[in-house]
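Q: Residue-level listing of the chains:
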Amino acid sequence: MTIFDLTTDDWGVIALSLKVSLVAVGAMLPLAFALAWALARGRFPGKLLLDALVHLPLVVPPVVTGWLLLLLFGARGPAGAWLESWFGVSVMFRWTGAALAAAIMAMPLMVRAMRLSIEAVDRRLEDAALTLGAGRWRAFLTITLPLSVPGIAAGTVLGFARSIGEFGATITFVSNIPGETRTLPLAIYGALQVPGGEGAVARLAIISILLSLGALLASEILARRMGGGHGRHVL
Amino acid sequence: MAAMSFEISLIRRMGDRRIAVEVHAGPGVTALFGPSGAGKTSVLNMVAGLLRPDRGRIAVAGETLFDSTAGIDLPPARRRIGYIFQDARLFPHMRVRANLTYGSHGRTSLLSLDEAVDLLGIAPLLDRWPATLSGGEAQRVAIGRALLSGPRCLLMDEPLTSLDAARREEILTLIERVRDRTALPILYISHDRAEVDRLAAHVIAMPL
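Going down the list, the protein sequences come from chains A and B. The first sequence lines up with residues 1 to 235 when you count with the working numbering. The second sequence lines up with residues 236 to 443 when you count with the working numbering.
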């Protein structure tokens with residue numbers, strides 16, 4: 001049996017990982033851009049604190065992030081109780097919880113990349129747009145946003161790769177439940193724990209690598225297309 | 236009685252310097268002439284609405300754009316000012332054609348796209364990206380972009396600075412052509428006496 005004969009279980013793990021990561025990155029995208037914008041352009045008290053909070057998941061042990069999420073979103077946690085009473089939903093032990101953990105872990109990387117590209121936009125180009133009759137909103141949509149696309153793409157890809165690889169916060173927060181929260185890294189970890197799991201480990205590890213490489217290539221191609229013909233790089 | 240082209244009277248503190256300018260100019264080109272560091276660009280930015288004067292009044296062709304005592308301060312987008320910057324400032328992610336039409340959005344211009352392209356001799360450049368243009372070509376496109384935004388006047392901030400001698404002559408001739416063809420009032424910044432003498436009907440000295 002070659003490692004490319006994927007079992008139904010493997011496919012399930014891959015599909016779940018993709019779903020969790022895509023939802024995590026998709027939901028985090030607007031929030032990360034707003035945070036990046038505030039950090040790049042905003043002038044407000046507490047900016048340093050916000051900057052530190054955004055970067056926290058990057059430096060704190062993932063287990064701790066998972067535990068904090070557990071405190072917040074557990075049945076007795078403030079956010080968890082609120083979700084339960086207003087929407088009757090819980091993210092505990094659900095794939096949505098895995099997506100939440102992945103989104104939080106991906107946030108610092110996404111915000112960083114986007115912030116750098118917003119800061120790199122020449123504001124004098126926005127001034128030029130204003131003198132040509134564009135309002136603030138049109139100047140943002142036609143000048144600032146397109147010129148930050150490479151950073152947005154880079155942030156999204158990094159966030160996606162980070163989400164695919166997310167382990168510590170996820171297993172702490174929503175455990176390792178097959179079909180619900182068992183994403184690629186958790187499945188690899190699980191397979192390592194059982195005798196004879198080496199084949200599954202190798203298959204899933206290769207899938208992980210291919211997914212990450214594919215995401216990088218896709219973003220590179222995307223950035224070249226949107227960069228207006230003069231080659232720009234995402235990473 | 237015809238309105239004055241530029242009626243500018245403003246004061247602005249910049250760090251430890253104080254910029255104070257009085258301009259009362261008729262039609263044609265009005266030059267702000269002085270050494271670099273005199274605050275000439277700041278004056279243009281205030282006329283364009285990119286920088287706020289501490290006090291004063293700015294009117295162009297009889298229309299008040301800023302008046303600190305009357306509480307008038309039009310945003311830059313509504314001032315209808317064609318600003319030609321020293322460094323062209325074309326949008327790098329748009330081809331020349333899209334740069335030219337960026338400001339013509341919902342405004343009636345005195346020139347059509349074809350007429351402006353013809354006047355400036357930029358027909359072969361329309362499908363190019365700004366990064367591939369020479370300094371002189373970029374400045375032509377920048378002039379076209381400003382003209383097509385339906386401006387009530389033009390501001391030119393040392394548009395020849397980044398060009399070599401041959402290109403300078405070319406663009407200077409072009410500016411004369413724009414001046415004579417459009418009859419728009421032009422506020423022109425320079426530290427070059429010869430340039431100013433050739434173009435301007437009025438010269439306002441801005442000492443350091």
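Note that these hints are calculated values from the structure, not bench results. One should not assume that every hint holds.
Stated by the list, open to error - Quick list of the computed label-pair ranges, beta carbon to beta carbon:
#1 B/397 - A/31: 35 to 43 Å
#2 A/52 - B/436: 27 to 35 Å
#3 B/310 - A/145: 19 to 27 Å
#4 B/397 - A/136: 48 to 56 Å
#5 B/333 - A/9: 45 to 53 Å
#6 B/387 - A/52: 30 to 38 Å
To be verified - Interface residues of chain B toward chain A, partial, derived using beta-carbon atoms under 8 Å:
#7 255
#8 318
#9 324
#10 326
To be verified - These stretches of chain A come out as covered by chain B in the derived footprint (C-beta under 8 Å, 3 or more residues):
#11 88–94
#12 143–156
Beta carbons are placed, not taken as given, at the ideal position from N, Cα and C, and that holds for glycine.
Q: Tell me, which hint numbers fail for this structure?
A: 2, 4, 6, 7 and 11
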